[in-house]
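For the protein sequence lines, the chains are A and B, in the order given.
Residue 1 is where the first sequence starts when you use the numbering used here, and the numbers rise one by one after that.
Residue 1001 is where the second sequence starts when you use the numbering used here, and the numbers rise one by one after that.
To be clear, the hints were calculated from the coordinates, so they are not data collected in a lab.
Every value quoted in this text rests on a predicted model; they were computed, and no experiment measured them.
Treat the hints with caution; some may be incorrect.
Derived EDC-like pairs: lysine to aspartate or glutamate, alpha-carbon spacing no greater than 20 Å straight-line [said to hold, decoys possible]:
1) K173/A x D1114/B
2) K156/A x D1022/B
3) K1043/B x D381/A
4) K47/A x E1079/B
5) K173/A x E143/A
6) K1057/B x D103/A
7) K107/A x D1022/B
8) K260/A x E1021/B
9) K150/A x E136/A
10) K107/A x E1021/B
11) K1057/B x E323/A
12) K21/A x D64/A
13) K47/A x D1114/B
14) K1149/B x D48/A
15) K41/A x E26/A
If you want the building blocks of each chain, they are given just below.
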Amino acid sequence: MAELRSAFKDDNPNITQCILKLLYIEMMGYPVSWAQMEVVKLVASAKDQSARRLGYLALSLLIDKDSDFLFMTTNSIKTDLESGSPYRCAVALHCLGSIGNEDILEKLAPYVIPILGTQATYLRKKAALISCNICEKLPDQAELFIPAAKNLTMQKSHSMVLSGTQLMTAILKADPTLWDNFLPELRNCIRVLKSLVTSHSGSSENMICGVRDPFIQVSILNLLLVFASCRRKLRLTDAVDLPGLFASLSAVLTGSPSTKAAGRAVLHTAARVVLYIGAGGVLRDTALDVLARFLTHKDNNLRYAALSTLAASLRDGTVQSNEISKHRATILHCLTDVDPTLRKRALDASLCLCDKTNIRFIVSSLLKYIKDVCNSLSNNDIEMRAAAISGIILACESHSPTPRWHLSTLINLLDICGGWENDKGVGGEYSSAKSSAKGSSRSVSATFLRSDIAASVLYLLSLHSSLQPYAVQLLLHRLPACLTTMNPSLAYLIGCVLGEYGHTLVLHGKERHGEDDTEGGHAMTSSSSSSDEPIDDILGELGLDDTTSPGTETHPQTSVPTHDDSHSHDPGSKTNIHPSLLFSSLHSLLTSAVCKNVRVHSVCVNALVKVSAQFPSVFDAQPVDESEDLSDEERKSREDIFTIGSETKRLLSMYAHHLESELQTRSVEMCTMLRSDKVNILCQTIPGKGDDDDEEEVEEESGGSTDEKKIEEGEKELQQGEKAEEHQTSAENDDLDDLLGLF
Amino acid sequence: MIEAVIVVNNHGLPRLLRFYEDYTTAEQQKVMGRVYEILTKRKDTSCNFLSGDVGLKNPNTRVIFRHYATLYFAFVIDESESPLAIMDLIHIYVEALDLAFQSVCELDLIFNADKANFILDEVLCGGLEAETDIKQVTSVYEAMNLHEKGKG
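Given the sequences, and given the hints that come with them, work out the whole structure.
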């Protein structure tokens, strides 16, 4: 580099060689800004054409676009533009083409316009393209180029027409209101398009693989697209008089050979135009046919083009999803393709395809995809996963057929993805924390929770109170799996829902039990299975079934400390959900390692406090005396209830010295209340027009946001029920045993 | 429009860089590095289109590339261009180079970088397709060369 500097200083006659070396060095990435002055000098003082050409090239490549050096050259560019010599003009235009600076373009625009009117076709073409740039950067100047554009498109020579259409496209993009200037030219373009495809006479110039002038065809089609989008932007829906438009489009669609790349490009663009302008009938079918052929082609490029066009059209609303429903399977199949770009496109297309009728099928395939395929750590997979998950959430929100389905899908999603630490996937952190597949043994300091999904579930439940017991039932069913796979987000959701809505399941069970003894069980099973039958089949495949046939399934290993026999698990057919179930679930959550996550921890403790406040009778149980005359089942049930009560008290008192002040406050209050004799009175809900009792104020804090009268009734029933249970027959005791032995 | 034309060899060394928007040298090198990175990861059977951010001002760009022997020819385009048509354009450019240099190879591009740029100027101007007929491109280029020799 030092040599170069000295060479420049010495005014070496071989200055062109030096400049060439400079260009090469710049391309390699070394800073050469010290040489900008030399370049300017070369351009200004160029004696011959080769020097000038090189100088302009160096100008476009080397000079910083914001620098003042560029302004110094404006004068030389201007002189060259005005000169009569086509060669000087041409190189000046080339240079202008590469410079994107708005000030320079604005200054030199008046010198470009006259060139558009000259006879030299070569110069006119270049000038037209520079004008496109000017229109883009300075949209208010677009009007100046209208006459030139009109002129160009009416020419015979095809390359003129090409530049003309490009200029028109640029003008329309810059200023959509100018569309009405171009109607006659548009008609001419359509005619040209048709003649290119249909006529076999004429020059064979520009034949590429048997397609005449594909670039002009694509350019005209693009122009039509931009024209249609202008009118759409301006919200004009009246018909425009463009005769022969449909005829020429259908000629293009049927006439272009689809075996070669050039023909395919034309076909693809034509299909896109047909769909965008909303043509109907045979033309539309032909276009959709073309896209369908591309979808199943073995060339990846075509599949990519078809998928992206379909996704764009679906998003625009120009294509309805029922029209391409028969290609749904192909699109979903592309999800598992080897090529990651294709996978991304397929995901996009399938999410756009969702509507009320097919969302169940699509979402279940996507869930399967996330679960089976996206479980490696490569960056691609992580991106795909994140996109798929957020896509599913959005699609469910807009198109879910029933709130019940929405809820169960969200919970399934949380089940699959809640255990992954960070879906945004920063490679290093991720791999150090994860030591085995599928989410076990996570780093316990992970604080990434899918609280977005949890928030959606809670919002849904607050809107539809009839879903609350169903949600609690679902989540209780998922709890053992959640504990084994250490899924913190699911644990967080379980804690929230059990705390807020756990009592609704008990009440629901009570109501049903009151209605009809024998039918109640089947009613619950059948009501939950009838509305979700299709999804249940698919969920069954995935192993995420949420309804079971009575009494045949056993659950996988759990870590619940209080019950160590695994009875058959059957949430659906049991109507009499005992609140002890809620307690034992929360105990198992609190004592498992998944609770080391701070937020999950505090949520579970709060939930335990809420549930204790709602069912304080569990603390009434006395320890069983040997002398009491009870049957074995009665003894066991009383022992179990007593164990639950004492375990809850123990767990709550553990937090009396916790660092977090809220946990500490709640635990101390609750323990104090539990120690007093008047627990039941304390935990009564406040009547409508509240009195200001101290004790009741304490209760208010932990009472939750539920219907007060229902709670009261529920509690009274519970107390009566418990007393009745102590003297019940052995048949009902079996029931109770089964319930308590659920885990 | 076409935002950038990037020609890199198999080892990541640039052979031709042309950006049709304002970028400093450092930014250009970054973009080139990013494009090279994603290009080398592709298998030969996967499609020639890549979408994704390569560090340009416009984030919705796609990279259309073709692999010829030791060189990758990559055109970075925005949404208004048809990817299949650009594949053809890349081929036209390469054929024009072939005609001008008589069986072009990588060395030709290294030692005649300015000529490669001039030919590119004939095919693309300001990021838009100027001339797509190979015969026209080469004839204009020859005429320019003759004119230079005549004058100089």
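*Hint numbers the structure violates, sorted upward?*
1, 2, 4, 8 and 11
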